[in-house]
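Take the given structure of chain A and dock chains B, C and D to it, following the hints.
Protein chains in written order, with this note's numbering: chain A, 1049 to 1389; chain B, 1049 to 1389; chain C, 1049 to 1389; chain D, 1049 to 1389.
Honestly, the hints are just simulated from the structure, not real lab data.
A few of these clues could be false.
[Stated by the list, open to error] Just the calculated beta-carbon pair ranges, DEER-fashion:
1. B:K1087 x D:F1173: 24 to 30 Å
2. A:A1300 x C:R1215: 40 to 46 Å
3. D:T1206 x C:R1352: 52 to 58 Å
4. B:D1348 x C:T1178: 19 to 25 Å
5. B:G1213 x C:R1352: 40 to 46 Å
6. D:F1173 x B:E1214: 16 to 22 Å
7. A:D1332 x D:T1210: 41 to 47 Å
8. A:M1049 x B:G1213: 24 to 30 Å
9. A:L1270 x D:D1236: 52 to 58 Å
[To be verified] Some chain C residues close to chain B (C-beta under 7 Å, calculated; not the full set):
10. G1142
11. G1148
12. H1149
13. H1157
14. V1183
From the three backbone atoms N, C-alpha and C, an ideal C-beta is built for every residue, glycine too.
Number of protein chains: 4
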Amino acid sequence: MKLHFDTDYMEGAHPQVMERLLETNLEQTVGYGQDDYCKQAKSLIRKACGTEDIDVHFLVGGTQTNSTVIDALLRHHEGVLAAETAHINVHESGAIESCGHKVLTLPSHDGKVCPEEVREYISEFYADETYEHMVAPGMLYISYPTELGTLYTRQELTELHTICGERGIPLFIDGARLGYGLASEACDITLEDLPRLCDVFYIGGTKVGLLFGECVVARKGLLRHFFPLIKQHGALLAKGRLLGIQFMCLFADRLYTAIGHHAIEQAMRLKRGLMAAGLRPFIDSPTNQQFFILPNDLMDRLARHATFEVWGARGDKETRVRFVTSWATRPEDVDSLLELL
Amino acid sequence: MKLHFDTDYMEGAHPQVMERLLETNLEQTVGYGQDDYCKQAKSLIRKACGTEDIDVHFLVGGTQTNSTVIDALLRHHEGVLAAETAHINVHESGAIESCGHKVLTLPSHDGKVCPEEVREYISEFYADETYEHMVAPGMLYISYPTELGTLYTRQELTELHTICGERGIPLFIDGARLGYGLASEACDITLEDLPRLCDVFYIGGTKVGLLFGECVVARKGLLRHFFPLIKQHGALLAKGRLLGIQFMCLFADRLYTAIGHHAIEQAMRLKRGLMAAGLRPFIDSPTNQQFFILPNDLMDRLARHATFEVWGARGDKETRVRFVTSWATRPEDVDSLLELL
Amino acid sequence: MKLHFDTDYMEGAHPQVMERLLETNLEQTVGYGQDDYCKQAKSLIRKACGTEDIDVHFLVGGTQTNSTVIDALLRHHEGVLAAETAHINVHESGAIESCGHKVLTLPSHDGKVCPEEVREYISEFYADETYEHMVAPGMLYISYPTELGTLYTRQELTELHTICGERGIPLFIDGARLGYGLASEACDITLEDLPRLCDVFYIGGTKVGLLFGECVVARKGLLRHFFPLIKQHGALLAKGRLLGIQFMCLFADRLYTAIGHHAIEQAMRLKRGLMAAGLRPFIDSPTNQQFFILPNDLMDRLARHATFEVWGARGDKETRVRFVTSWATRPEDVDSLLELL
Amino acid sequence: MKLHFDTDYMEGAHPQVMERLLETNLEQTVGYGQDDYCKQAKSLIRKACGTEDIDVHFLVGGTQTNSTVIDALLRHHEGVLAAETAHINVHESGAIESCGHKVLTLPSHDGKVCPEEVREYISEFYADETYEHMVAPGMLYISYPTELGTLYTRQELTELHTICGERGIPLFIDGARLGYGLASEACDITLEDLPRLCDVFYIGGTKVGLLFGECVVARKGLLRHFFPLIKQHGALLAKGRLLGIQFMCLFADRLYTAIGHHAIEQAMRLKRGLMAAGLRPFIDSPTNQQFFILPNDLMDRLARHATFEVWGARGDKETRVRFVTSWATRPEDVDSLLELL
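Just chain A, same shape as in the assembly (with noise of 0.2 Å):
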């Protein structure tokens, strides 16, 4: 049998939330997320969040859940800026365009894009005399880690907050793998600071433990009219207690630090092996996604007993991949990837 390196979301549930799901499977509750379990689960992350000035809304998926975020907050004329690497731009099949918003992008810098460029990119826009006949940047789309497992600095966020909050435009920050990004020994910020460190952002689930559900966390109010926006969009799952049960399980009992937390150490494992073995990364990434490249023979020989994903074209002499590790990861695959090397 195969080592399975290729993705966070290979698995089911954690074994906790399948428990949970069972135990109330019969229970008899109203549709659409009105019923008492989403409304525990959304006290849970307030207090998790340390706040109670956000409104929490449960989607299924994170394509799903971006599109409907940015569709409920740009105005017609608006686009979002983004990096060009992002999930947004670049692997959700048109689903922003499809919504009648453009992507503007800015220079990916691993993944992250720089403050100065985004500062930059919106006073150039306004000074302009004709920018009357371009799309306006109306909000600005991060994720955290991005998608090259790479994190922002709480200086950088709170600059790119601040250049935001000049002009008035809010800052979405995409965390399909939050947990995986605050676990990281490189994070300096935790769940609480995100709500003063954006406008808008979402705590992945399907990634990080659960079967699906991503759960939106907002500045109180700036998500107006959101419930018909979920239906709208597809997103609205009518047995909704599903997400309020697993989401409840994730923050019970600190479940997602947990998860998050033996994602990253067998990251780091398998980061110190692979540089041990004499392996280079070509993104110095902290968090569950590494990103090596691998000579072509010993890549070959890997993948003959483990998965991971061949980033980019087949180099002729060596190639790029991507390894990724998750709650489910167990320490022994690890061994067993790292003693092939």
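Chains B, C and D in isolation, oriented as in the chain A frame:
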């Protein structure tokens, strides 16, 4: 504790489904429905439909499925014909229009469209000299059972399909409650008939035993480039196997049929009991939704012990209500409800 | 040569308008409506409307204007209320839906909506517990005159505006034929009243003397970021001054009023003549569109010498037709038509 | 009075065009482009293009034409490839995205895309295993001349068309300034070549002698159901004959060619004069847009007597500017400008 007859999505999943999700929970598979469970489920569904000439796709929820299928089928200048009571016209928060398409309404006859009126609509459209300034009828949407619990006869379905076929416009059947339609004594078709009676339909899972999930069955080649469209609509589940596993359960052991019959049996017991008590239905539904007129004092008394849906506004003396049964309805709950009369 | 009564856009522009376009043809001005002619035209229109508290914008055509204004006013979860006979519902090829918005239809009373029915629609919407799954009524669209030539009374307009105001939803009046409405003897309002009787309306130019051009008049600040939206909708004319110059002509010398009165005078002569000949209208229109029932043999005879629009399908014995007059209708043409009877 | 070199849409229409509009002003014709003038204009354009195997449509403006054609050609999961400097990517207020489509950008080489890079983009797209999560390149948009005045060679156009043809994706040429491209000495194609060198293009009228108007020429059958789409996009002119009459003028007497040559002659005189004065272009444009670097003191001095467009931000010592000529540029104005140096 109250008796619940509000709707058919108040519980989790059928126990066999939950059990199977648990068993497979820690297995590792590729994402996005490319796994073996999805393949096997598709194979079972092709078998249950009695043909290989169909494409099978899994989506998460009903509104999402409606808007994705309709968006896939309509060209820009076309709209979708539907009864004015159709779910897509009334209860999907404008999801169809948000994709750019008009819902062209026809009179509702207890939730059904009349073949003759469909034919007239289409011919009048093309007879009008200004028709190129109007939205062309590009497909027909019906539901089976309808939102009012009623069923089309085989004869009606055949006529509708013929009328559509003459103009080359697809007939799409929303089968959110399909299992409860097929199990009705009034039903004169089988699942195997459906691929011949329409161009595309879906087998609803959310209301018929699953946590969530709708299975689209389309004439082979009809839904071109449907995968990226599913993604774009936010309807692509990362852990796609959850859909495969669930639908495998439904179709491995004729569970789908069993579930349908159970709900219909309870619905018919309820219906007979209500009528025996002198109450009369305002729609004569042969499926799992029962629509009755209750004197207000009886309704208020019942409401202390049971939940059900008030249909429209409360009347002066009597009020219309809906009772719904499902796979999870316990015979003793029906008994208890009837005793309350 | 035939007499033409098909519609009110069969000629070019009023001779005064053409003359002015010719005089200014080789002048050089900046584009996109930033020129002095546009400024002067806006100033004249503010004067004609009797208020400075309005924003004035020029667009090219009616369908374009409807979809741009409606798109500017509606939020994603909202639709536009309109009579089922409304131009936006029937004859704009789905332009409103292509922008993502549903047209919510109300019964047509000779082309008009009934204030009481608007009120009921809105209250029933919010009374329904599932209203968040439905499209919210976000604005009201009416036309003055309606597509059937009829006029709202001041009283009706006031009621409609009050009902809308109570919910904070804008009332939008399509004035494609406004000039022919204001000139009618049945009209009990003036142009100066309109800014108080609604939130936004437009003064149609295409059908009232111009080559093309519709002038949107909105409560100050209502249409935020309208310029980029005009551009996005393809409604921004590069040589924007053409609109300014044309509207200056219409409003410099009360030409708009004169044009309106001329068309109405001819329409009333036609109406009286038709009635004197024993024919009866199927709609009693006080404006430039006249709707009569003709015996088929008379219709066929007339059709050899004149053009007019058959309204719906040809009947067995008699058929409904529409005659339209305009600024360009010559009195002798009306005489000739009447003689044919 | 100032000399104006800002752009090519500062005047009305060529005097012959105005004259013809005046002559026909009071004629009565049917609307929406179904009249004889439109038919004759289409016939002349087919002749000028040297083929009957094309469909010809008239629209009002450039942004409108781009978004209508692109919307007609793309399926939902597809985007349009274009240079990052393309008008549709930068200066159309997100019109393409508002129709649901992504603009997929390629590097700009003085406004042009490089055939080799187009080929690479397409092959890399299909080589990527996750390509179904990305927006498919569904058509290629280029402009001739480009937004930077440059021209593709026949060889480049042939290669681009071949590359597109191999994938079955249409090549669309924005010809807003086509007349100025065809008249350039650097041009090695003719209008007759265009139907073979691409799948659809348009002959710009707004900037080349008309009040407004763009003429779409498409491979027969390519733009299916285009009429209702034009209407839906608000691009259908009620008095459609205005477009027919204007394009008849342009193509009846080779006026289009004459206009093009006049503007190019003046542009080349201007270019030679500027270079003779020691100034250097920052783009070597062979068409009616000339891009030069001016020392700031010279620029400021010129600006007192002439208008032109500052291209980007003012530099410390020197600044980039654009001068534009047109059919209306008087030779003596070029002389006067050059004397100012």
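Pairwise beta carbon distance, L1270 (chain A) to D1236 (chain D), judged against the given window 52 to 58 Å: Distance hint for L1270 (chain A), D1236 (chain D) holds at roughly 56 Å.
Range hint 40 to 46 Å (beta carbons of G1213 (chain B) and R1352 (chain C)) holds or violated: holds, 41 Å
Hint check for T1178 (chain C) and D1348 (chain B) - Cβ pair distance inside 19 to 25 Å: Distance hint for D1348 (chain B), T1178 (chain C) holds at roughly 21 Å.
Cβ distance range 41 to 47 Å for D1332 (chain A) and T1210 (chain D), holds or violated: holds, 43 Å
Status of the hint placing H1149 (chain C) at chain B (closest C-beta pair under 7 Å): Since the shortest Cβ distance to chain B is 6 Å, the answer is holds.
CB-CB spacing for R1215 (chain C) and A1300 (chain A) relative to the 40 to 46 Å hint: holds, 42 Å
Distance restraint hint 16 to 22 Å, applied to the beta-carbon atoms of F1173 (chain D) and E1214 (chain B): violated, 39 Å
Range hint 52 to 58 Å (beta carbons of T1206 (chain D) and R1352 (chain C)) holds or violated: holds, 56 Å
G1148 (chain C) as an interface hint toward chain B, with CB separation required under 7 Å: holds, 5 Å
Hint check for F1173 (chain D) and K1087 (chain B) - Cβ pair distance inside 24 to 30 Å: Holds: the Cβ-Cβ distance is about 26 Å, inside 24 to 30 Å.
Hint validity - V1183 (chain C) Cβ closer than 7 Å to any chain B Cβ: holds, 4 Å
Chain B contact restraint on H1157 (chain C) - CB to CB distance below 7 Å: violated, 19 Å
Hints 6, 8 and 13 from the earlier list are contradicted by this structure; the remaining hints agree with it.
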